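Given the coordinates of chain A, work out where chains B, C and D should sit on it, guided by the hints.
Number of protein chains: 4
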Amino acid sequence: MNTMQATVFHGVNDIRVDTVPRPTAGPGEAVIRITATTICGTDLHIVRGEYPVKPGLIIGHEPVGVIEELGAGVTGYRVGERVLVGAITPCGQCRACLSGQSSQCGHGSGCEAMGGWRFGNTIDGAQAEYLLVPFAQANLAKIPDEVTDEQVVLLADIASTGFGGAESAGIKIGDAVVIFAQGPIGLCATVGAKLMGATMIIAVDGDESRLEMARRMGADEVINYRECDAVAKVLKLTGGGADVAIEALGTQGTFEQCLRCLRPGGTLSSLGVYSGKLEIPYEAYAAGLGDHRIVSTLCPGGKERMRRLINVVQSGRFDPTMLVTHRFPLADIKQGYELFGSRADGVLKILITP
Amino acid sequence: MNTMQATVFHGVNDIRVDTVPRPTAGPGEAVIRITATTICGTDLHIVRGEYPVKPGLIIGHEPVGVIEELGAGVTGYRVGERVLVGAITPCGQCRACLSGQSSQCGHGSGCEAMGGWRFGNTIDGAQAEYLLVPFAQANLAKIPDEVTDEQVVLLADIASTGFGGAESAGIKIGDAVVIFAQGPIGLCATVGAKLMGATMIIAVDGDESRLEMARRMGADEVINYRECDAVAKVLKLTGGGADVAIEALGTQGTFEQCLRCLRPGGTLSSLGVYSGKLEIPYEAYAAGLGDHRIVSTLCPGGKERMRRLINVVQSGRFDPTMLVTHRFPLADIKQGYELFGSRADGVLKILITP
Amino acid sequence: MNTMQATVFHGVNDIRVDTVPRPTAGPGEAVIRITATTICGTDLHIVRGEYPVKPGLIIGHEPVGVIEELGAGVTGYRVGERVLVGAITPCGQCRACLSGQSSQCGHGSGCEAMGGWRFGNTIDGAQAEYLLVPFAQANLAKIPDEVTDEQVVLLADIASTGFGGAESAGIKIGDAVVIFAQGPIGLCATVGAKLMGATMIIAVDGDESRLEMARRMGADEVINYRECDAVAKVLKLTGGGADVAIEALGTQGTFEQCLRCLRPGGTLSSLGVYSGKLEIPYEAYAAGLGDHRIVSTLCPGGKERMRRLINVVQSGRFDPTMLVTHRFPLADIKQGYELFGSRADGVLKILITP
Amino acid sequence: MNTMQATVFHGVNDIRVDTVPRPTAGPGEAVIRITATTICGTDLHIVRGEYPVKPGLIIGHEPVGVIEELGAGVTGYRVGERVLVGAITPCGQCRACLSGQSSQCGHGSGCEAMGGWRFGNTIDGAQAEYLLVPFAQANLAKIPDEVTDEQVVLLADIASTGFGGAESAGIKIGDAVVIFAQGPIGLCATVGAKLMGATMIIAVDGDESRLEMARRMGADEVINYRECDAVAKVLKLTGGGADVAIEALGTQGTFEQCLRCLRPGGTLSSLGVYSGKLEIPYEAYAAGLGDHRIVSTLCPGGKERMRRLINVVQSGRFDPTMLVTHRFPLADIKQGYELFGSRADGVLKILITP
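Protein chains in written order, with numbering that gives the first Met the number 0: chain A, 0 to 353; chain B, 0 to 353; chain C, 0 to 353; chain D, 0 to 353.
Any given hint could be a false lead.
Remember, identical chains collapse to one label, so a pair may be satisfied in a single copy or spanning two.
[Said to hold, decoys possible] DSSO-like cross-link-like pairs, simulated, lysine-lysine; straight-line CA separation at most 27 Å:
1) K235 <-> K141
2) K141 <-> K171
3) K53 <-> K333
4) K232 <-> K141
5) K235 <-> K171
6) K333 <-> K276
These are computed hints drawn from the structure, not numbers from a lab.
A quick note: this is a predicted structure, and the numbers were derived from the prediction, not measured.
With the rest of the complex left out, here is chain A:
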């Protein structure tokens, strides 16, 4: 009754589905019963020890569920309502949030790098039967009856991030946009570019099945970088350079190729998580005189963001379920991690249901 099943990080390459205490809601908080979640590339980094979290932490940051308990002061909601919560949970009331940069939320202080990313990072996460949601007033997005849990679970992180990469770049009607890497986030960036009116969308990857999915998601052209010089091909297709290049992998190679694909005055929109050093090839950067912009985007969160993304799905503009290739119950989540980590069997996203 007061316990639940949850995916607990015990140490590098050691996660287990444990029985742990169920959370309860303090003032301003809510508890939701998880009905759908998924595994993210960032979770893999955590499990592999590439991104450090404390042992004992429940991981996962993409929650869909039903309100189980509402803490004092949370208004406008009822127990039993279906809700989507973003991967990032801004407080709405700190300096960063009030400055419109809520992903860098620094509740209680000013502004903190990645401060809005709490689930499965600094507090218990979503790969569990129940989830404690902080700042619930700002973060519970109601799901309309016509929309299923599966349709919205990918909005919490990958759609919000991918679209965010398109939005931060300021894509305009008629833009030429190239997206490097067509994993889940890159595919969502491709969708985002289409939603914003880009008319030459070029998807680059080395995996034909991902390029095929990119076409279905709206790419006008696809490039398999194993088969040609991707930069040269983009320069040719765009007649001198893309307006926007979106980096969706997190490597020096893709970052650099993005910059080389740009026209002078173009924008590199970076979504990847980098490790090691990151170099700007200065000649591709016109030695600093090319009026280039390099923007990076951490997944936008909060209930208004989620409301808008739900609208995108509800309007039929985007069907995220196309990206769900596999399903596992929470009890078997370790198998899910193995499959996701192996990239076998054409896996894109895995649906986890408690």
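Frame of chain A, contents of chains B, C and D only:
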């Protein structure tokens, strides 16, 4: 009569004031008789062979003068009018110009890195008695009677560039801004930050006289990087990071320190010209998750830009003559180059008068 | 040989297809042989005497054709190339153009209301066999071989205007947008809203066939204002108000309803041409405290704008030929005007071919 | 002990300083002991019955004070700290707030016109000894020791509103800006224009002492509309129209003159509160074809906004105490209202101290 004196690049470390043919104006062009010009750091790069131009080229790109001849089709001007011409001369009619990125002007083609920089780069420049101005309709800015040549000659490049660094960063009322390097462009960036409403302006340099000038230009705080850890001091003064950091030197060190000075979500505005590799310290970049923006700006040009900058001077908001430390006639320009290159005698900008 | 057929305005309700001299190209100009054009609502206003032009003027402002002659100084083009020219022909070199507001082009002066609209207004227009194009370097947009004349002729004005209404409003992914009136421009505004990522697009009109076309163009909901209270329905569909309301008719009624449909902080984007007084219902305006924005947009022109719009068509995002309901040869253009003025036979746009 | 003195609205033209219960702080709330407040033009509207509030309400919305009590969940503050609270108190967590339009805060619902204005409107206000602050986490701005209460009390409303008018207009370096009416808000708009880099600031009023103050606040030119045709003079001074016109009175006359002062493509920024009908003179509006923008701004609030405004004062950019012309203790506030309403004795702002 048909000849003039001009500063000609003959080869590395070899410039001479030669007698050369005077230019004449073709359709859409104008010839101006130069009354004031100056030497720019970029000119030094050229003379030293660090930026290649063709031998035989007249160098210099900061022209103030009097209209001597108007080519066919140039309307609204009269011979004898005093004009300022920007260092960058956009055509106004190519793809880049019509997209609002006229510094990357690609007249006759699409868009070309630095394409708008022609004077002393791809066509003859301003360190001469006469100058041929291309796309004159878009580039001749009339100087009001109340304003002297000396007051506006620094607008052509350094003020336009420095202010541009503040503008590209999107400085807002109440921002904290740090500017690394207080040479002429950095000083103008300091002025630009003040003009846009920054309320904590921090100037960094290693030269006390430049820091003193920074104070006079509007810096609220100055930091001599030789005497303390500049990044640590900026983080302390700003309570966690500047909203904007402006790089005005063009080195890995200043670029990197700029990034380290930023709050999450902050903007690095780059004005420097880089050589060699340029690295993003990924941990200061929050591994790509800090919502940082890195923007670079090439000097904005065109007569409307110059008109606005003249207004800034005319309104008394900014007195560029404070930056003029030395004067030479054109005949002695080589001495000017030597002094400017040596950084001796507190030199900031040198006025050249034919 | 030196004459041509052209639609000449002789006086109110008196246009005739006359034989007139063929234009020749001066410096910076071009002559194109018209292959397709159309009739605009503004042309009707002219013919009816509601918008004054000088007798003797050739009317029409939506030209597609083949380059017949290039004036001195126009580079990068060849005689025989197919081109689209926008209804608005900015010079690219005046204060307004250099400020990014080229529709208000004031060549030779500063900035002039509607100064960029020249064809069929201040100079001879496009309903003729040949057309003189001013500022050709800035205004000739090449048409790719794969795209037909008919596919692009509606881009010159109605698509550029309609999309412009969506762009000026700053539509974002997930916005709710209502468009009042679904004539050709309103339909293009509907397309523009879709292109920019609006996910609840509501089209309002009183004509069922236009509402049907609105659905085909991307409207999620349509409202026949004759059958219900349009404002009430929009408020209900949007849960409290649209983010953006686009006015595409030019009447007090539609303007006012737009404002009443907005959420606080929303944007009214006005495309209509108004006559008589225009009132802001102050209570719908929250007495000035609602953070509303009211923006108006004159058709953006210039070759870069046209290039982007051609890309929209070429990418298959938008098929303007769906709006072409009738065709007439130039010789029979008066019949076209009668039909277009009568709104009979489901007429939307009429293709005119010399 | 549990009571306090407060300015209570009893009915039209009937306010009294009554003894009422002292508030206590619930979860997320705070109580501050007021040390300084002021009377606003909006308060006059309330007293005169022009803006309806409920009898029994304590009025006033410009609070400076000391934290007396912190409700559950408010973190990062201590009792005894000096704070400024904005006139508008956004929750930070509703749809409007999360969309960056926090003045239209609709806590518990979506978005509500003027929803963020609570003090002295929908909840008890600041002209009292103690004040209950809702959403304290988002609204308590700490005051540095170096800054006095008197220096910041005008930031809560008039500076935030006046600067907001400049900000919403998007003023750029070199803009020409005209501000109609130089009451406290208009004067702050003048300051805002200066802070953002306008270089031709024209202040219009009919009161010479206010025009004199406008000059001290940064106006380059002042126009007494009683002595000349203000529109004609602005058109002459700006060479064809201002880039931005700020309306700071709330009448048809000033609104209309603002529009007539604009260049095509210019922006009218409206700060006034209008009653009765508001008309757009359509010919000054270029019949809808002038690319005009009309923006309205409700005072921005929240602690981050106040923090920035405090920085403006602390940096010496703006000295609001110049606008304080009179002082009254709370007990004599009725005399203050009489003086303020009469506009006698050169009154601009009145400091009230409990």
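Comparing the hints with the structure gives:
| no. | hint | verdict |
| --- | --- | --- |
| 1 | K235 <-> K141 | between (46 Å within a copy, 17 Å between copies) |
| 2 | K141 <-> K171 | between (30 Å within a copy, 21 Å between copies) |
| 3 | K53 <-> K333 | within (19 Å within a copy, 61 Å between copies) |
| 4 | K232 <-> K141 | between (44 Å within a copy, 22 Å between copies) |
| 5 | K235 <-> K171 | within (20 Å within a copy, 30 Å between copies) |
| 6 | K333 <-> K276 | neither (32 Å within a copy, 43 Å between copies) |
When each numbered hint is compared with the structure, a violation occurs for hint 6 only.
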